[in-house]
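Let the sequences and hints guide you as you build the complete structure.
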Amino acid sequence: MAFHELKDISVREYCAQKIAEPLGLPAGEVTQNFAEPPDSSLGDLSFKTFSLSKKTGKPPHVLASDISRGLKDIEEFSVEPAGPYLNISFNAPFVCSHAVRRSLGAGSFWGVSDKGKGKTIVIDYSSPNIAKPFGVGHLRSTVIGASICRILRHTGYDVVGINHLGDWGTQFGIILAGLEEEKIDLSSLGSGALRKAYEIYVKYSALSKENPAFMDKARSWFSRLEKKDPDALKFWETIRESSLNEFKKTYSRLGIEFERYLGESFYFDKTSSVLDMFAEKNLSKKDQGATIVPLEEYGLPPVLLTKSDGSTLYSTREIASALYRLSEFNPFKLLYVVGIPQELHFKQLQAALEKAGIIDKEKIVHAGFGHIQGMSSRKGNLVFLEDFLEEAASRAKTKIREGEHAQAEGADPDELAFSIGAGAVIFNDLKNKRTRDVDFDWDRALSFEGETGPYLQYAHARICSILRKAGDFREDPSLCLSLESQEEKRLALAIDSFPEHVLKASEEYEPSVVSRYLLALAGDFSTFYHSHRVLSSDNTIMQARLNLLKACKSTLSQGLSLLGIKPVEVM
RNA sequence: GCCCUCGUAGCUCAGUGGAUAGAGCAUCGGUUUCCUAAACCGGGGGUCACAAGUUCGAAUCUUGUCGGGGGCGCCA
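Its first residue numbered 202, the first sequence is counted upward by one per residue in this note's numbering.
Hint data in this document are derived by calculation from the structure and do not stem from the laboratory. Yeah, the Cβ is synthetic: ideal placement off N, Cα and C, and Gly gets one too. Keep in mind that a hint or two might mislead.
[Claimed, not checked] With a straight-line cut-off of 16 Å between C-alpha atoms, the simulated EDC-like cross-links for lysine to aspartate or glutamate are:
hint, residue 1, residue 2
1, K397, E383
2, K397, E447
3, K316, D359
4, K418, D510
5, K634, E587
6, K471, E427
7, K404, E427
[Claimed, not checked] Derived DEER-like restraints, expressed as beta-carbon distance ranges:
hint, residue 1, residue 2, range
8, E281, E563, 37 to 47 Å
9, D613, F674, 25 to 35 Å
10, F310, F533, 52 to 62 Å
11, K482, E563, 32 to 42 Å
12, E610, K410, 49 to 59 Å
13, E610, F310, 27 to 37 Å
14, G540, L501, 12 to 22 Å
15, S392, E458, 56 to 66 Å
16, R645, G604, 46 to 56 Å
17, D588, K482, 44 to 54 Å
18, S762, S392, 14 to 24 Å
Structure representation (structure tokens):
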């Protein structure tokens, strides 16, 4: 394969093929042994010969020099043996023109692959509890889940995003019992109903922990709800309706849409068939009045299907929902973006369904995330998402005023401030591996400097600014054959590796792969930007750099969109 | 008690078998008659919790110890 035949593989893959061919190896085996050289002066990429040495019996340093001798005539890169390593230096014009051709050629499909073609992934995320305000804690599942959805779609999967609202359960018993205690008619409160319900919930859930008599009352109210008692249902509907309206406002501001809102209540009347199924298969039994499914063979505690009063549990409804999703969508995977504290429950869910012969447990994937600690406002209370976004936007607005640049460009300051503030907040939740616990720090989460969302948006805005000033130019990747510098080559290499990072992110259900990649890309851009002028340089060079920048802009923009951050054109 | 997870620079984190362990923040110094300084360049700062083991080679794999967090049938 020669230079001009390279259509949609990265220079990295091309290089792997060139090394693999004479060795009679699959290119993938070479890719696995690629590494970053410790110092960029050694090369752009290095190949480790250790595992090949194990196979062939030849010492690593001999292999390195043997291979390098066979690759002397390749024009796209040069190789230099260094002990057991083979250091590879790409030819800058080749890399620049290739990366630009690939990315601009793909247009809005840049980074898209067909790996998931024909496969459906059902993803459960956000799933807030009704009757509780939407806090910063819930932002994590929402933002991570929404990003995974976009990444999976980019990888070709059909994605069904489901909001599994916590709209059923004993918590409603607590609220209803509390309302009875205080003789409050919720439906007469109109728009204040939600706030009142939350007040009641906070007050009485604390009470229920130390007062068993009250807890019994709450349980009996929930039992009435499950028996469709009209009074109970009426209050429940009022609370559900007003909560859902609030949530939808927030989702819409963040650009998030769900395919389905299917809360726990939706599965309530489907739980009896779950009970029947486990009973028919002889897998469930009564224990101290409750119905359980033992899971000893999985080394797990039993899962409870009913309480001793016969009412269902979270786990029952979870099983019902899994059965529903399986039959409704025929999915490749059922993905759950839910906190790590619930890991055991998902292991039980996998085990119970596998034991019942319904699925292999690998079909259920718990993409867990670490929980947030130390999350409180300076007053010491729960941080409400709306307040948080507002504070972020207000800080961004101050910055915009200081800069005066966005104003000059005629951007809407409120809209822009929101995009930047939200960019900081969202990126703060996506920049680290999702499994990490988060030490919440208000000021750090709202920072606009360093490894932040606004840093990425800023890089994007600067490119946009240059392109605006440049006006029309000839879009032609081959112009980039005139680019020779180290900074341009590094930027092009980064651009070229976008698709493989998207793919990795989708395989690991891990948005931070994209986040980290974008930080590196923006860093390469900034370094380039400060060492080379674009406008008012030699015309050929300028045209070439404009092409390179356009490719970089496209990549930043695609990447930011995958994270749910708006790639703003002005800052 | 049992199970899971984390422990890397002052702080927040990258880095899952290979070259002198990286980044951001903070700190110190430099860059603005130059496409936006929300940026860039450089300095200082680490016995990768500890111990043993596997390996030619370990921050990375195994075991143990210590420390943080989480979970363990009628909450979700």
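Taking the hints in turn, this is what the structure says about them:
no.: 1; hint: K397 to E383; in the structure: 11 Å, holds
no.: 2; hint: K397 to E447; in the structure: 15 Å, holds
no.: 3; hint: K316 to D359; in the structure: 11 Å, holds
no.: 4; hint: K418 to D510; in the structure: 13 Å, holds
no.: 5; hint: K634 to E587; in the structure: 25 Å, violated
no.: 6; hint: K471 to E427; in the structure: 12 Å, holds
no.: 7; hint: K404 to E427; in the structure: 23 Å, violated
no.: 8; hint: E281 to E563: 37 to 47 Å; in the structure: 44 Å, holds
no.: 9; hint: D613 to F674: 25 to 35 Å; in the structure: 28 Å, holds
no.: 10; hint: F310 to F533: 52 to 62 Å; in the structure: 22 Å, violated
no.: 11; hint: K482 to E563: 32 to 42 Å; in the structure: 21 Å, violated
no.: 12; hint: E610 to K410: 49 to 59 Å; in the structure: 56 Å, holds
no.: 13; hint: E610 to F310: 27 to 37 Å; in the structure: 29 Å, holds
no.: 14; hint: G540 to L501: 12 to 22 Å; in the structure: 19 Å, holds
no.: 15; hint: S392 to E458: 56 to 66 Å; in the structure: 25 Å, violated
no.: 16; hint: R645 to G604: 46 to 56 Å; in the structure: 22 Å, violated
no.: 17; hint: D588 to K482: 44 to 54 Å; in the structure: 50 Å, holds
no.: 18; hint: S762 to S392: 14 to 24 Å; in the structure: 35 Å, violated
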